[in-house]
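Given chain A, put chain B with the ligand in place with the hints provided.
Protein sequences, first through last, are from chains A and B. Using our numbering, the letters of the first sequence map in sequence onto residues 194 to 507. Using our numbering, the letters of the second sequence map in sequence onto residues 1314 to 1836.
Hints in this document: simulated from the structure, not taken from any laboratory. Any given hint could turn out to be false.
[Stated by the list, open to error] Which chain B residues face chain A? A few, computed with CB under 7 Å, are given here:
#1 L1356
#2 L1359
#3 A1363
#4 A1366
#5 T1370
#6 F1405
#7 N1604
#8 F1615
#9 Q1755
#10 A1757
#11 V1773
#12 L1776
#13 L1777
#14 L1780
[Said to hold, decoys possible] Straight-line Cα separation of at most 30 Å, BS3-like style, residue types lysine-lysine; simulated pairs:
#15 K1630/B to K1656/B
#16 K349/A to K1580/B
#17 K1381/B to K1580/B
#18 K1656/B to K1568/B
#19 K1381/B to K446/A
#20 K1580/B to K446/A
#21 K1630/B to K1727/B
#22 K1656/B to K1727/B
#23 K1580/B to K1568/B
Owing to the predicted nature of the structure, the values given are computational and were not obtained by experimental measurement. Cβ coordinates follow ideal geometry from the N, Cα and C atoms, glycine included.
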Amino acid sequence: MPGVNVSLAHASDVLFMWTVLVYAVAMFGYSAEFAFSRIGRSRAEKPVPDERRVTPEQIGRVAVGLTVVGWLLHVGSVVTRGAAVNRVPWGNMYEFSTMVALVAVTVFLVLLTRQPVRFLGAFVMTPVVLYLGLAGTVLYAPAAPLQPILNSYWIKIHVVAAITASGGFMVSGVITMLYLTRTWLDRRASVGPGTAAAVEYGGLSRWLPSAERLDRLAYKVIGFAFPVWTFAIIAGAIWAKYAWSRYWGWDPKETWSFITWVAYAAYLHARATAGWRGRRAAVLSLIGFSCLMVDYYVVNTVISGLHSYAGVGG
Amino acid sequence: MTELLVDDTATQALSTAPQPAGAASRNRVRTLWRSLTSMRTALLLLSLLALAAVPGTLLPQRSLNPVKVDDFFTAHPSLAPVMDRLSLFDMFAAPWFAAIYLLLFASLIGCLVPRIRLHARALRRKPPQAPKRLERLAVNDRWEADGDAETVIRSARETLRQQRWRTELRAEPDGSWSVGAEKGYLRETGNLVFHVSLVVLLVGIALGGLFGYKGTVLVTDGSGFSDVPSSYDIFSPPRLGSESALPPFSFTLRKFTASYQPTGVPKSFHAYVDYQPTPNAATRPYDVTTNHPLSISGADVFLVGHGYAVHIQVRDKTGRLVYDRPTPFLPDDAMFTSHGVVKVPTGLAHQLGFTGFFYPTYEATPFGAQSSYPGPASPVLSLAAWQGDLGLGSGRPQSVYTLPVASLTNVGTKMLSPGQTWRLADGTTVTFAGLDQWATFQIAHDPGSTVVLVAAIFIVCGLLSSLWVRRRRMWVRATPTTGGPLGGGDGVARTVVSAGGLARTDADGFATEFESLLRRMRG
Ligand code: HEM
Chain A
194 MPGVNVSLAH ASDVLFMWTV LVYAVAMFGY SAEFAFSRIG RSRAEKPVPD ERRVTPEQIG
254 RVAVGLTVVG WLLHVGSVVT RGAAVNRVPW GNMYEFSTMV ALVAVTVFLV LLTRQPVRFL
314 GAFVMTPVVL YLGLAGTVLY APAAPLQPIL NSYWIKIHVV AAITASGGFM VSGVITMLYL
374 TRTWLDRRAS VGPGTAAAVE YGGLSRWLPS AERLDRLAYK VIGFAFPVWT FAIIAGAIWA
434 KYAWSRYWGW DPKETWSFIT WVAYAAYLHA RATAGWRGRR AAVLSLIGFS CLMVDYYVVN
494 TVISGLHSYA GVGG
Chain B
1314 MTELLVDDTA TQALSTAPQP AGAASRNRVR TLWRSLTSMR TALLLLSLLA LAAVPGTLLP
1374 QRSLNPVKVD DFFTAHPSLA PVMDRLSLFD MFAAPWFAAI YLLLFASLIG CLVPRIRLHA
1434 RALRRKPPQA PKRLERLAVN DRWEADGDAE TVIRSARETL RQQRWRTELR AEPDGSWSVG
1494 AEKGYLRETG NLVFHVSLVV LLVGIALGGL FGYKGTVLVT DGSGFSDVPS SYDIFSPPRL
1554 GSESALPPFS FTLRKFTASY QPTGVPKSFH AYVDYQPTPN AATRPYDVTT NHPLSISGAD
1614 VFLVGHGYAV HIQVRDKTGR LVYDRPTPFL PDDAMFTSHG VVKVPTGLAH QLGFTGFFYP
1674 TYEATPFGAQ SSYPGPASPV LSLAAWQGDL GLGSGRPQSV YTLPVASLTN VGTKMLSPGQ
1734 TWRLADGTTV TFAGLDQWAT FQIAHDPGST VVLVAAIFIV CGLLSSLWVR RRRMWVRATP
1794 TTGGPLGGGD GVARTVVSAG GLARTDADGF ATEFESLLRR MRG
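In isolation and in its complexed conformation, chain A is listed as follows (with noise of 0.2 Å):
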């Protein structure tokens, strides 16, 4: 095909690859990590030191080394398939998913250098890796050039902004799933206090944080999500009156991208007050984020409108 370097293309592909791979197994390494560490936890009061045995924090760190040799395989990969093809590497579905996944890992990656959250390692990369198993298969499109419509330099500002917002949103999504498993297992822990049932869910309780902590997390990271969101919309909008001569006009995409803004207001507003903290907040936006699913998938491959470039199925 014109227009694109068959061999940078090509590159980017293998890249992605080792992307996949490198994520698998650190995914393998934090789920050990939190398996055995919990696990030698609750065996023992205080595990026999051995010299010569892998400790379950070396697993963790070397996770955290592989997640960042595939995070840096993973931007190679995304620079090169835009220098292939000479222009921003997020034109179609494919490359917006890449992107989203780059983003959840980033991150994650972040929040790691301020917080103690290993254990959100194997939470993180395991729908990291499945959705970029999705994109790589499913989603793919070769390399190709833009269309007009899509050449402009608010594509630039508002595709960052929304992945980068929907990066947020996914790891938050995963934090709050956690959230309600631990509040369920407490919950459940609390029924009969000493009774066998008990003493396991409680046990499977302590493998997560505190509720209260993940509660918090997820809403830092919302906290961070939302306002780029925000922005995201704006920038289409302002993208939408050039391109389109009206910076609203109720195009599906448009639509669920307000409604998912909606769902997350919602879900700060009842964090703000008193009474609708922690369960029913989390539902709000677990909503959330299953809006924003619909709004990437469902309106891209069923519902046409003016969006309608995914690269996905001709």
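Just chain B with the ligand now, kept in the frame of chain A:
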């Protein structure tokens, strides 16, 4: 929970907790107003708005695609009119949709006014007095310092001021000094800016809806347009205000060009126009492309579509030219297989009409003719000629893109390449003289868009400070010591300093900030 420490009347006024009965029930209107302006109602209305928008993305909408709505009517002849009465095909202009956002609007204003008043008062209020026992606060510390209490407290206050804390120095009855400090008022300010900007945004949208206009026009290469309602193909006038206020600009389409990838995916579009802002102004050239509209006198001219116009010449059997002009054909697919109708009502013995297909890159396939590329690589025009009464005199409005073929007689079909001529049985000749392109322009004027843009910018700024600024308080107390192991004796005044603080919103990171402040105070 940090919420428990919030003691403002502001939050009490916004509380979603049930109001005490007796007091409120005295006045029903007031009760209604109060419940309308509670945050729970706002949340409900907000969710309702989102929920109401969902069917609008699933059902065909007139504003987006009127053809799909017509298809829906054909497919569901009994259901569709009922749905239409419920405005389900004009969801976003429906009365009940408007009702939801007008209620939200009222609710928003109702809750903003008292909050702004409260916040204005809070801004003027001095930071609160130090609690008796600072060691009870979430973060606290205590140390001894050289110097008398007043000097120590003044230097502590200076440290806080340097970090842009708002402070208030107080002498306490027992001879000690305290400073109360508060920071992060920007959180509530940002929050109010955000909500007020939402109201302003809605006002801007309403302005555009009431005073804006838009229209679409198809212009063929070489022809012109002037901004009066009658020149538009489709025109939605302003709902308020007069049509005669349209800016008096005009333009001519010099040439439209499109380029494509070999696969047929478009690469670029350019509509080269010459425009005049006012009738007597000098003509200026402009290249209208996607994402690059032409702005003239408050109106914007956008390129929204394009296609081919086939230039046909018809001569009677004596060779006299009776028809000579380009006719726009409408594209049917991405490769610009197009259809159109040519009508020659005068100049011949019988009225003559043509229905035709145009293929910019002709390709014969087992399924019939089609275009395999949108550019004019090998253009072919396929025409069917019809004689009889074209129905133009019947007074019924008729589309320029349809011909009443049922009542006409077919007098032949022919494929033509540019330059070729076709002779009909009665001696009339038809020449495919050449190919032009046309472009459709949307011309829109939206007087509210600047308001909307400014409001949107404030929305983002307000949101950032509302979510990222943390509200926190701290107090420092300096108490002179009398003797003790360190004080007295040597003649140097000594002071016990205690400090405590609390984060009123998110507590993360506050302990670190507190420690670093104390480190500065100790010097
Ligand atoms: C009558 C309508 C509304 C009322 C009474 C209201 C009230 C409030 C209040 C009291 C807060 C402060 C919470 C806090 O910081 O403690 C707040 C925050 C907020 N509101 Fe509204 N609001 C209304 C409408 C809206 C609408 C339509 C949106 C847009 C989607 C919205 C989005 C937000 C956001 C994003 C925050 C920030 C949440 C936070 O600070 O954690 N609000 N609102």
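* Does the nearest C-beta of chain A fall within a distance shorter than 7 Å of the C-beta of V1773/B? -> holds, 5 Å
* To do: Measure nothing beyond the straight line between the CA atoms of K1630/B and K1656/B; if it is 30 Å or shorter, mark the hint as holding.
  => Holds: K1630/B and K1656/B sit about 18 Å apart, inside 30 Å.
* Asked: Taking the closest Cβ pair, is N1604/B under 7 Å from chain A?
  -> Holds, about 4 Å.
* Holds or violated: K1381/B to K1580/B, with C-alpha atoms at most 30 Å apart -> OK: K1381/B and K1580/B at ~28 Å, within 30 Å.
* To do: Under 7 Å, Cβ to Cβ, is where L1776/B needs to be relative to chain A, so tell me if that hint holds or is violated.
  => Cβ of L1776/B sits 5 Å from chain A, so the hint holds.
* To do: Could you grab the alpha-carbon distance between K1630/B and K1727/B and see if it respects the 30 Å cut-off?
  => Roughly 18 Å between the alpha carbons, so the hint for K1630/B and K1727/B holds.
* When the least beta-carbon distance from L1777/B to chain A is tested against 7 Å, hint result -> Check passed: Cβ of L1777/B comes within 5 Å of chain A, closer than 7 Å.
* Asked: Was the hint right that Q1755/B lines chain A, CB cutoff 7 Å?
  -> Q1755/B check passes; min Cβ-Cβ to chain A is 5 Å, inside 7 Å.
* Asked: Within 30 Å, alpha carbon to alpha carbon, are K1580/B and K1568/B?
  -> This hinted pair holds, its Cα atoms lying about 17 Å apart.
* To do: Take a quick look at whether K1656/B and K1727/B sit within 30 Å of each other, Cα to Cα.
  => holds, 17 Å
* Would you mind confirming whether the straight-line C-alpha gap from K1580/B to K446/A stays at or under 30 Å? => At roughly 24 Å apart (the allowed maximum being 30 Å), K446/A and K1580/B satisfy the hint.
* Does A1757/B pass the interface check with chain A, least Cβ-Cβ distance below 7 Å? -> Result: holds, 5 Å to nearest chain A Cβ.
Comparing the model with each earlier hint shows no violations; every hint is respected.
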